[in-house]
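The whole structure should be built from the sequences, with the hints applied where relevant.
So the sequence shown is numbered by numbering that gives the first Met the number 0: it starts at 0 and just counts up by one.
To be clear, the hints were calculated from the coordinates, so they are not data collected in a lab. The structure presented is a predicted model; accordingly, all values stated were derived computationally and were not measured. Glycine included, C-beta positions come from ideal geometry on N, C-alpha and C. Not one of these hints is a red herring.
Within a straight-line C-alpha distance of at most 30 Å, the following computed DSBU-like cross-link-like pairs (lysine-lysine) qualify:
(1) Lys204 with Lys250
(2) Lys115 with Lys37
(3) Lys214 with Lys204
(4) Lys229 with Lys204
(5) Lys168 with Lys45
Per label pair, the in silico range of CB-to-CB distance:
(6) Ser181 with Val143: 39 to 45 Å
(7) Thr36 with Gly198: 52 to 58 Å
(8) Ala161 with Trp234: 16 to 22 Å
(9) Ile170 with Leu215: 29 to 35 Å
(10) Ala44 with Asp146: 33 to 39 Å
(11) Ile151 with Thr36: 23 to 29 Å
(12) Gly120 with Thr36: 25 to 31 Å
(13) Asp174 with Lys45: 40 to 46 Å
(14) Trp234 with Gly198: 14 to 20 Å
(15) Gln126 with Asn147: 14 to 20 Å
(16) Gly252 with Asn147: 36 to 42 Å
(17) Asp249 with Arg172: 22 to 28 Å
(18) Ser178 with Val143: 31 to 37 Å
(19) Ala106 with Leu241: 40 to 46 Å
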Amino acid sequence: MELIYSQVLTFATVYGGQVLLAIITLIVGLWIIGWITKLLSSMMAKRHIDRDVQPFLLSLVNGLLRVLLLLSIASTLGVQTTSFVAIIGAAGLAVGLALQGSLANFAGGILILIFKPFRVGDLISAQGFTGNVEAIRIFDTTLVTLDNKTIILPNGALSTTAIVNISTKGIIRVDQVYSVGSQNDIDATKTSIMNVVNGCPLALKDRQHDVLITKLNANSRDYDVRVWTKSENYWGTYYYMLEHIARQFDKDGIEAPKPTMFIVNE
Numbered sequence: 000m001e002l003i004y005s006q007v008l009t010f011a012t013v014y015g016g017q018v019l020l021a022i023i024t025l026i027v028g029l030w031i032i033g034w035i036t037k038l039l040s041s042m043m044a045k046r047h048i049d050r051d052v053q054p055f056l057l058s059l060v061n062g063l064l065r066v067l068l069l070l071s072i073a074s075t076l077g078v079q080t081t082s083f084v085a086i087i088g089a090a091g092l093a094v095g096l097a098l099q100g101s102l103a104n105f106a107g108g109i110l111i112l113i114f115k116p117f118r119v120g121d122l123i124s125a126q127g128f129t130g131n132v133e134a135i136r137i138f139d140t141t142l143v144t145l146d147n148k149t150i151i152l153p154n155g156a157l158s159t160t161a162i163v164n165i166s167t168k169g170i171i172r173v174d175q176v177y178s179v180g181s182q183n184d185i186d187a188t189k190t191s192i193m194n195v196v197n198g199c200p201l202a203l204k205d206r207q208h209d210v211l212i213t214k215l216n217a218n219s220r221d222y223d224v225r226v227w228t229k230s231e232n233y234w235g236t237y238y239y240m241l242e243h244i245a246r247q248f249d250k251d252g253i254e255a256p257k258p259t260m261f262i263v264n265e
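This is the structure we're talking about:
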């Protein structure tokens, strides 16, 4: 018992000051890190830094400061920091090799946050999905589709493939093609379609809308209908045109293409 007491006393005498200083460094360091993080958050808010970027920057700064604090405490305790850094580097390399996919998503998230091909709330099409961006995180991006499904897309693939941002310009053109029989008068068909376009409440009044013949077939003509609307009204305009043109064609007697059969006499 006396031997244990003697050893504890010797340890306290030799290392007690270092341990106490390390504890104080830890407490003060964590307080300073918290203060710096709050100050940085306040500065970014005042400078109107993008809200999508703020959480990432705060987490990055907080993590780096904690690593520096850990190295400082290790130095206070007499641990060789060069060896400590080498150990951390080796561990980081091993973890990096094991998490290559996650690191690709991490890098993709950084690229998206920096170059901003889209923002939260934008309507986009990517990876075969169309929906509004609900959240942009470091590793993935969340879309909410028009039928209220949540789609989670990895940022690695998202940052290296084509993205269609429907909301960027604020207005968008809804393109549709309608095929009608060749027996219908061209002017009458165009008038019928324009009546629907002019009556669409979502169509922009200060833009020119087009009805153009885009293809001539054996027994039909294809009409390309182009209607300008606000980006958020894309699907509303799309389905309005489909329904009301069908109704208008029935009302005006615009007929669908009639099947044609060719008989060859040998």
